[in-house]
Amino acid sequence: MEIVAVVAGVLFGAAALCALYRIVRGPTVLDRVIASDVLVATVICALGAEMSFNRHADTLPVLLVLALFAVLGSLSVARFLPVRDSE
Amino acid sequence: MSDTVRDVISAILVLLGATMCFAAGIGIIRFPDVLSRLHAATKPQIFGLIAIMVDVALNNSTIGTITLIIAIVVFQSLTAPVVAHLVARAAYDSHRVRIDVLIVDELGTRPD
Amino acid sequence: MSSTKQRLATFVNQAPLFLGLVLLWMLLWGSFSWLNLVTGTVLASIVSVGFYLPAVDLGLRLNPWYALLYLIRLGFDIARGSLQVAAMALSPRYTPSNAIVAVHLRTRSDFILTVTGVSTSIVPGAIVVDVDRVRSTLYLHVLNLKRAEQVEEFRSGVLAEERRIVMAFGSRQDVERLRRVSGEDRREKDQFARDEHASNKRRWGGTS
Chain A
0 MEIVAVVAGV LFGAAALCAL YRIVRGPTVL DRVIASDVLV ATVICALGAE MSFNRHADTL
60 PVLLVLALFA VLGSLSVARF LPVRDSE
Chain B
0 MSDTVRDVIS AILVLLGATM CFAAGIGIIR FPDVLSRLHA ATKPQIFGLI AIMVDVALNN
60 STIGTITLII AIVVFQSLTA PVVAHLVARA AYDSHRVRID VLIVDELGTR PD
Chain C
0 MSSTKQRLAT FVNQAPLFLG LVLLWMLLWG SFSWLNLVTG TVLASIVSVG FYLPAVDLGL
60 RLNPWYALLY LIRLGFDIAR GSLQVAAMAL SPRYTPSNAI VAVHLRTRSD FILTVTGVST
120 SIVPGAIVVD VDRVRSTLYL HVLNLKRAEQ VEEFRSGVLA EERRIVMAFG SRQDVERLRR
180 VSGEDRREKD QFARDEHASN KRRWGGTS
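Chains as they are written, first to last, in numbering that gives the first Met the number 0: chain A, 0 to 86; chain B, 0 to 111; chain C, 0 to 207.
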């Protein structure tokens with residue numbers, strides 16, 4: 000079980016780093032939005048994995064709030080993005 | 000269910016979710032344009048989340064947990080496509096799609 | 000402005016959504032108590048009066064058996080699509096080749112159109128880029144389509160998905176239309192081929 004935890008942790012960490020790379024590099028706003036969505040999804044999955052390792056369900060409300068509000072950010076950016084906006 | 004069996008199932012589900020997240024990370028780095036990256040992003044949002052949530056439900060199956068998990072999964076699977084569509088439309092409208100990787104573009108040639 | 004009958008019809012039409020809101024409230028609290036039911040009902044009425052939206056014509060008709068089939072198939076598709084996209088992202092020899100495909104659905108109902116759109120883009124590998132409500136056409140961006148046959152394969156996949164959804168939730172007229180357009184399986188294929196032919200002709204006309 001310990002090995003599984005370490006492997007999962009490494010995978011989650013790598014995913015988060017990839018998302019961060021994309022957030023920093025861009026090249027467009029939409030790329031950053033997508034990357035931050037991936038980051039949030041990774042955080043949600045990692046919190047869930049922690050719950051299942053330690054056999055509790057205390058962070059579920061946090062997951063719910065994250066799942067609800069992660070949407071709002073990307074939604075508003077995509078909705079109100081000016082059409083002329085390269086870079 | 001014995002403890003070992005549960006551990007194995009739980010390990011498989013967690014690794015599945017983690018792999019989905021990892022593949023999404025690699026995907027958004029390797030894929031060439033916004034729309035392709037969008038495909039990579041929807042994967043941990045739906046499938047990874049479902050895998051992890053099933054795992055949590057297995058380890059901690061009370062009614063309160065399961066209803067919350069259902070709510071989370073339903074929310075996520077209703078909102079993720081909406082966001083994906085909005086981002087896709089914004090990308091297409093501002094010409095950020097790489098035409099050279101498309102084999103057909105029936106939206107560009109639609110009859111109006 | 001409306002007679003009692005109309006009002007009643009509106010109410011019946013909206014009832015599933017209202018009940019959905021109450022159910023959601025109870026799911027959020029994670030318990031099914033009377034207190035939750037009462038507060039949920041009060042909040043649902045406040046929300047549906049305060050944030051008024053134009054009524055959706057659900058034309059609700061639920062076939063539990065087909066709905067179950069649809070959900071199982073959807074789950075299976077999600078799993079398969081996710082694994083495919085993951086494999087693609089991780090494979091060392093990846094060459095991008097995508098397509099934007101127009102799918103003409105047979106339904107005329109907004110609800111079916113929406114559900115079809117959502118459930119095709121929930122499956123990794125396809126995303127709705129644009130919707131043409133008047134022609135009930137979905138424009139989908141599809142990952143990793145390399146040949147023209149694959150485009151047709153994908154298109155008939157979406158049409159099959161639409162058929163499952165109509166069988167599960169569609170109104171009587173929609174099911175009728177599905178029958179009329181498609182008839183039995185063989186005729187459906189013929190019709191499909193003919194439609195395809197016509198649209199190909201329109202698309203590539205004299206050029207090829």
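In short, the hints are calculated from the structure, not lab data.
Note that this is a predicted model, so its numbers are computed, not measured.
Be aware that a few hints might be false.
One side only, chain B facing chain C, incomplete, derived with CB under 10 Å [said to hold, decoys possible]:
(1) Leu34
(2) Ala56
(3) Gly63
Glycine included, every Cβ here is placed at the ideal spot set by N, Cα and C.
We went through each hint and held it up to the structure:
no., hint, result
1, Leu34, "holds, 5 Å"
2, Ala56, "violated, 13 Å"
3, Gly63, "holds, 3 Å"
Checked against the numbered hints given earlier, this structure breaks only hint 2.
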